[in-house]
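Got chain A; can you put chain B on it based on the hints?
In the order they appear, the protein sequences are chains A and B.
Going by our numbering, the first sequence opens with residue 1, and the numbers climb by one from there.
Going by our numbering, the second sequence opens with residue 1, and the numbers climb by one from there.
Pairs of lysine-lysine, DSBU-like flavour, derived with a Cα cap of 30 Å:
| id | chain 1 | residue 1 | chain 2 | residue 2 |
| --- | --- | --- | --- | --- |
| 1 | A | K152 | B | K6 |
| 2 | A | K5 | B | K284 |
| 3 | A | K291 | A | K314 |
| 4 | B | K284 | A | K152 |
| 5 | B | K75 | A | K115 |
| 6 | A | K5 | B | K209 |
| 7 | A | K152 | B | K2 |
| 8 | A | K152 | B | K75 |
With the C-beta cut set under 8 Å, the calculated list includes, among others, these residues of chain B facing chain A:
| id | residue |
| --- | --- |
| 9 | R7 |
| 10 | N14 |
| 11 | S15 |
| 12 | K75 |
| 13 | T76 |
| 14 | L81 |
| 15 | T82 |
| 16 | P84 |
| 17 | P86 |
| 18 | R286 |
| 19 | W287 |
Simulated from the structure, these hints should not be mistaken for laboratory data.
Model, not experiment: these values are computed from the prediction.
Glycine residues also receive a C-beta, built at the ideal position from the N, C-alpha and C atoms.
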Amino acid sequence: MIEIKNLVKRYGDHNAVDHLSFTVEDGQVFGFLGPNGAGKSTTMNIMTGYLAATSGEVLIDGHNILEEPEAAKQCIGYLPELPPLYPDMTVGEYLRFAAELKRIPKGDQAEQLQKALSLTHLEEMEPRLIRNLSKGYRQRVGLAQAILGFPKIIILDEPTVGLDPKQVVEIRELIRHLAKDHTVILSSHILSEIRAVCDHVLIIRKGTFVVSDTPEALEEKLSAAGELEMEIRGTAQQAEALLETVAGITGHTVLEESSGLARLSVKTDRDIRETLFYAFADAKCPILELKPRMATLEEVFLDLTDDDDLIAAKAAALLTGRQDETQEEEGSCDESHL
Amino acid sequence: MKAIYKREVSSYFNSMTGWIFIAAMTAFIGIYFMVYNLFSGYPYFSSALGSTLYVLMVLIPILTMRSMAEDRRSKTDQLLLTAPVPVAGIVLGKYFAMLTVFAVPMAISALCPLIIKINGTAFLKADYATLLAFFLLGAVEIAVGLFISSLTESQIIASVGTFGLLLVLYLWDGLLTYLPASPSGSLIGLMVILLLVCFLINALSDNWKITGAVLVIGSAVLAVSYLKASAKFVSLLPNVLGKFSLLAAFNSFAQDHVFDLSGTLLYLSLIALLVFLTVQVIQKRRWN
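Just chain A, same shape as in the assembly:
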């Protein structure tokens, strides 16, 4: 289990990470989502002990990364943004060096090496100099280094950057394979990637916590707080009059009206599709189409990453649901930061 408590990293007068707290449970595939410069890499570098936080605490399996660095680092395999490779070594030499660094017992080294090589499909590359490898292969060597020895926690900083689509799929499969008995934390600025492999997502923006939940729960929240779009045969006035009679509607707008048809967008605070159906049916005003007008996670994420704080705050409010109901579970979400 990894606990991050109130992490702050300050560079000059700029906070790269700003009071970030979260917990990663054992066995989770934890996605770290945020636009470029959101503080993902900085947070990962602090979690792995490469950087020290200005304040706050990182506990890896109960070991404080600053006070018991060796015990904590022993549990972690880390692939930084730029794979830390020595170009003058061959793949095999490099991985044997990494194995010794990680204190894998001599007897297990050969076996572990083979496992890591076969999982990353690098067997044929073992005698090649890293200098001569392509970007994709270098990324895989970095990945092999991270999973070497199969530490409990594997932290991957943008593992699929610079890979071709086939390699991306391979790496996703590898992450799913690892997820069976490891905690995997990966960062990305691509939502679809996180959604494809992660069972928990943490979104950060400008170093601050935005939301942390499962991808499904996030989508659920979006649809719950969504809008309905309906098309009826009749005039807009007719429809508006009917809408007045239905409880649970917070607002509506006419989208278009033409040749006896009207399209409206209805804001609701609960699921009122059935009531709406009967209300219109009783008034003999047929509903031709009724569909939830749901902002997709993708759209919200796009807004979140907007430079404009206001747009981002709106998007964050959508994700966190109505603030009053979700305050307890999203306790650390501080509105003033958004």
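Frame of chain A, contents of chain B only:
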């Protein structure tokens, strides 16, 4: 530490650096050996070593420049610093690797006194003691280079910086003669040194209380002893700094043929200090 040591040694021999260093070192020792001992018939190998010191000053920066700087530039330090290895282990691994490379030309030149012996009288004890002093002096210079290399990402800056600092250390005795010998001059000089030490302590500990305490106590001790007996301050500054002369210690081996124990201790403590400072610089960098 062992893994890093092995990687560094093989990296020196996989790249040209290690071979060039060994070749140049051996060649220059050979040249001086030929000129002094073989052709001029001088029986002490130590004098040839003494002349090679200046070559050492040029070659050591080549050996040390990439030790810490290159890892930082290429971000491979992320691998080392996130591995379950203490920082001291990383630094020592690299340091011992450089010592190993440096030991190769030393081992080769250990043959020279024997060659002298074949051709006549040799002073093996004096020569091998000097060889040891030469190795220790080189080890100090490597530690200087290691430290400078940890301060920068650029190999060029590391090598030029190391060369500059080594040059100052070589010119140390000459420079000291220009320092004021008057009591007041010594006092001011010692105060300046105290300030520099405090600056270093502050940079390392980030604790102004310790720094302040050292500064206050240090200057009080200096001021009180100056007021009590200012006569003792005559040429105190050059004397104190003279104790740190690297060449003086070597010369007592090479020229006077005595085993200078205090000089050896000076070398060893300088090595320990510089390695410690390097570890501190790397630890400290994580907070910036």
